[in-house]
Structure formats: structure tokens, C-alpha cells
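Visitor: So you can see what is in the structure, the chains are spelled out below.
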Amino acid sequence: MKRLSIENLSLNIKGKRILNDINFCCKPGELIGLIGANGSGKTTLIKAIGQLISHGADITLDKYNLKFLNRRTIAKKIGYMGQNRHPHWPITVRTLVALGRIPHGDPTSDLGISMVDQALKTCDLSHIQSTPITELSGGELTRVFLARVLAGSPELLLLDEPLTGLDPKYQLEIMRILSDKIAEGLTIIIVLHDLALALRFATRLILLDRGEIKADGKIPEVITPKNLETCFDISAKLGSVDGIPYFIPTDHA
Amino acid sequence: MNHIRYKYYVYILGLSISAFAGFTLSLFIGPAEISAQDLLNIAAGTAPKGIYLIFTEIRLPRSVLAAAVGATLGLSGAALQGYLRNPLAEPGIIGVTSTAALFSVLTFYTGLGTLLALMIPIGGIIGAMFAVTLIHLLAGEDFNALTLILAGVAITSFSGAMLSLALNLSPNPFATYEVIFWMLGSLADKGFDQVALALPFMIVGWIFLFSTGNSLDALTLGEEEAISLGFDLLKIRTKIVIGTALSVGAATSICGAIGFVGLVIPHLLRPLVQSQPKLLLPLSALGGATLVLFADILVRLLPFDTEIKLGVITALVGAPFFLVLLLKHRERSL
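As you go down the protein sequences, you meet chains A and B in turn. Using our numbering, the first residue of the first sequence is number 1, and each one after it goes up by one. Using our numbering, the first residue of the second sequence is number 1, and each one after it goes up by one.
No lab work stands behind these hints, which were simulated from the structure alone. Cβ coordinates follow ideal geometry from the N, Cα and C atoms, glycine included. Any given hint could turn out to be false.
Covered, in the sense of this in silico footprint (three residues per stretch, anywhere, with C-beta under 8 Å from a C-beta of chain A), are these stretches of chain B [unchecked claim]: (1) 63–71; (2) 221–235; (3) 274–288.
Which chain B residues face chain A? A few, computed with CB under 10 Å, are given here [as the list claims (entries may be wrong)]: (4) I4; (5) R5; (6) A43; (7) R85; (8) P87; (9) T110; (10) R270.
With the hints as extra help, turn the sequences into a complete structure.
Guide: Written as C-alpha cells, this is what we have:
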């Protein structure tokens, strides 16, 4: 069963080719790690899938071509968390999470309130729901933003580097929440720079290189010495301890 | 959750009562004394003609205008701040009021206003629309405080220069004198014909501004996130431009420049709604109406031979307030 299908997605920005002929499909319950060096087109791809950048390609989500859906319907189906996590007003945690219900038009209805409660609980934020977001740590703020997209009960979650700037404890926490969510059937595409976390939590990896998909599949098919050398210009030691994979970049290739 | 909503309704009720109190008090205060008994007589149609005229031709339109102009300034301030995501945005500071004033004066100047009274508010509306669009283009996409204020200064200076030029070239010194006093901002000597000219535009403007509530909440997260929540940025911008232009343009064309209400009121009321832009809109409209009603009462009570203009009072209070806000903003940016 297909959830998302992307066909022939190419994109130029200011005359420069950023994405070139991207094709892939995802199933419900997949946690896809989108990896690649800086400037490889990961953020652009995430935005293009979320219809935040206009393009002519056919992207279908649960048989609906996103081209023909209005913005609000897309917002109900796709949760997007960008890299900018600096809200402009010191609203409370709860108010921010409730924004996720806006596309459904029910932030103050019983259903909306219970979805917000659930998202707060999932992300362990119930105890600070009345706190202004300006008083939160980076880790808490990321969880608030994640709760915001979860509150919208999307079918597809697009996360652009959600772990940047977080200490290892918070990184693991976020990844555990996401692992729980895919068990419920959600599809998640997450841009990751930390390859060790990608190895541990992603069910599938897509490696982008200069706007093209270099490799797509299970971890051993994607994280190969050749791909690491070509795309990241590094060598690495890979292994596992107690079933937990590790990844140590060793040097330039 | 419920207690937060309950508290919000209490604030709405409290501000409605204070606006209503200001409105009622405003009917009684002025050089001629009107008592509660007179009001009853007016209602019964048995009041002396003098009292009846003072009430219907002077006091009532003045109070209605004070409430409407105050609501316009408070609401547009809150909406602009939410849209530009900047607590320093205000129709006066970003040049909307001065450009609306310039265009209103131009309608006087060209004789269009005399030809058709409706052209005066329309001139103000076109001016305001021009200014909001310009501020958007000048301030760029990030709307940071510095570029916003600089863009406001540029627009205000240009409108001021054009106004000075118009006054300078005016062949009629009395008209010049009248325009200068009008520019200071006042609700005195306004009748129902002027209320009828401006109020419909203001109400339509309010509807546009109130309709932006959810989108302003979404914009708290930035433009990209607002799009991902299903909003169309162009639609939001259009609503803000049209709403501000209609309400502030019409208000300014009738009452001149009454500054800082849109800055002070949202700032004071924001903590009550934990900074949520949507909830701030109705509170700011009621707060603005209350402030202008009471300020206009103060103007009538001050013991000067010449009535101090309302715009002068709001500027005297608002300018230091603006400075304090600016300093706070600077501290936060350091």
C-alpha cells in the first residue's frame, strides 16, 4: 500500500538546478531518513513535498494528487516542521500546540482540545503547557513544535533537521517519539545530519547528492564506503554495540 | 482551558463596560451642561431645542466618532503588529496615518472634496492603502524592527514633505490654517454627516481585520509555517492592507492624525491574552475605544483657553511610551 508517491520532481531556483528527477514512494509506518551533505537539496525536497515551493511534478498522497488539493486540505494531511523554531510572540506552550488544529478549524472544540492534550502528553509537555515559550530550553521548544504537528493528526510528517542544537538526551527522546508514531501508521520523512541516529531509528534511508537520489533503501544499501566517500567526502567506521549501531567518521577519504 | 476562556470573556466584558462608561460620560461633558434629566427629555422629545441640538449635533456624533476612531486605531495597531510580527508597528509610526492625511489634504486641495464629500475619506483610504503596500515593499520579508521603523520614517518624512509643499503652495492662508489644525487630530466640531462618511468604511475595515485572527496566530511561527497550516500569504496581506486602509484611512480623513493609540493599547493588553494575536484583536478595539473616549473627555476638561487637540495629548503620552518600548526592544536584541 502506497501512501506517498513522487514522480519526476525537478526544481530550479534562480536558474540553478536544485532537484533533479526525484522519484520515490513511501508506505504507511515508514520513518525515512533523508540524508546528504549540506546543499544536497534535502530542505528543498521536504518543502517541495509539503507544497511550500511550487513545482510541476505529480506528488500523490493517499491517491490524491496534491496539485489539485487546496492548501487547507493539504495542511490537514501533511504536518511540516521547518528549521525555524523562533516564534515571534511569547505565546504559551498550549497555544502553540493548538495551532496544529487550525487546518481542522477546531482548536477550541472538544475533539481539538483532546487532540492537543494527547500531543502534549506524547511529547511530555503537559506539566508546562501554560509556560510562555520564551522560557523554554531548546529541547523543550523542539518538543513543542513536534507536538504542534502531531496535534494536527497528519498522515505524513515532514521534519527538517528537528535535532539540530539538541543534546543527546533530547535527540533520543524526539527519535523515540517518532518511532512510536510510525508504529501507529504515520509516515515520517526526516532530514538528519546525525548518521548514527539515522542508522538507529530510520526504517529506510534516502541519500541525496547534488539534487539527485544517490541511494534509496535499507541502511546497508545506502551507507556504503563508496557512498560516504562520494557524497560526504569521508570514511567511517560502522559497527554495533549491544544491537545499537554506531557510526564514527574517521577522516577525509 | 475553560478558566482561560472565562478570564478572556471577563476582560472583554470589563473593557466593554469601560468603553460604555467613557461613551456615556462623553455625552455629559462639555461647555454646556447636560443632565441625566435632559437625556430623558431628549429621549421623550420634550427637551429644549438648544439642549437637543447640542446633544444630537455635537455630543453624540463626537462620542460615536471617538469610540469608532479609538476602536480603529487599537484594532489596526494589534493587527499590524501581528502581521508584521513586531510590537513597534502602529499606523502612525509606519507612516499610514501621515499618508492618509496627505491624500485627504490633496482631495481638499484639488477641490475634489468640495465637489463630493465622499472623496475625502476615499482620499484617506487610498493614501493608507498606498502606505501599507509601500511599508511592505520597503521593510522586506523579515520585517525586523530597524527596517520597519526606517521604512516608517521614510514614508512619514515623504508624506510630511508633500504636505508641507501643498500647504506652502496654498493660495488661501485660512485654508492652510484649517488644515494645520485638522492635522493635529481632533474630534471637536464633527457632525453626523462626517460620521456617516467615515463609519461605514471603518466597519468594513474592522471586518477585514477581524477575519485575519487565525492567520495572525499562525504567522507567530513564521510565513512558511503559516503556509503549511493552510494559509495563503497573499490573502492575509490583502486583508490587512484593505482592512487598515479602510478603517485608518477613513478615520484619519475625518479626525486628522491621532497617534500612538495603536501602539500603546496592544502593548498594555497583550499580557492578558498571553500574546495570542487573535485574542488581542477584540481587546485592542475595545481598549482603543476606551482610551480615545477618555482622552477626548480629558481634552474638554483641561483648563486652557484653546482646546488642546486630541492628537497632541495622545502624542504627549504615546511618544515617551514608544521610547520605552524601543529601549526594551533594544535590550532584548542585545
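Visitor: Determine for every hint whether it applies to the structure shown.
Guide: We went through each hint and held it up to the structure:
1. 63–71: violated (count 0)
2. 221–235: holds (count 10)
3. 274–288: Holds, because 4 residues of the stretch 274–288 of chain B bring their Cβ atoms closer than 8 Å to Cβ atoms of chain A.
4. I4: holds (8 Å)
5. R5: holds (8 Å)
6. A43: Cβ of A43 (chain B) sits 41 Å from chain A, so the hint is violated.
7. R85: holds (4 Å)
8. P87: holds (9 Å)
9. T110: Violated: closest Cβ of chain A sits about 41 Å from T110 (chain B), beyond 10 Å.
10. R270: Interface hint status for R270 (chain B): holds (8 Å vs cutoff 10 Å).
Hint compliance for this structure: hints 1, 6, 9 are broken, all remaining hints hold.
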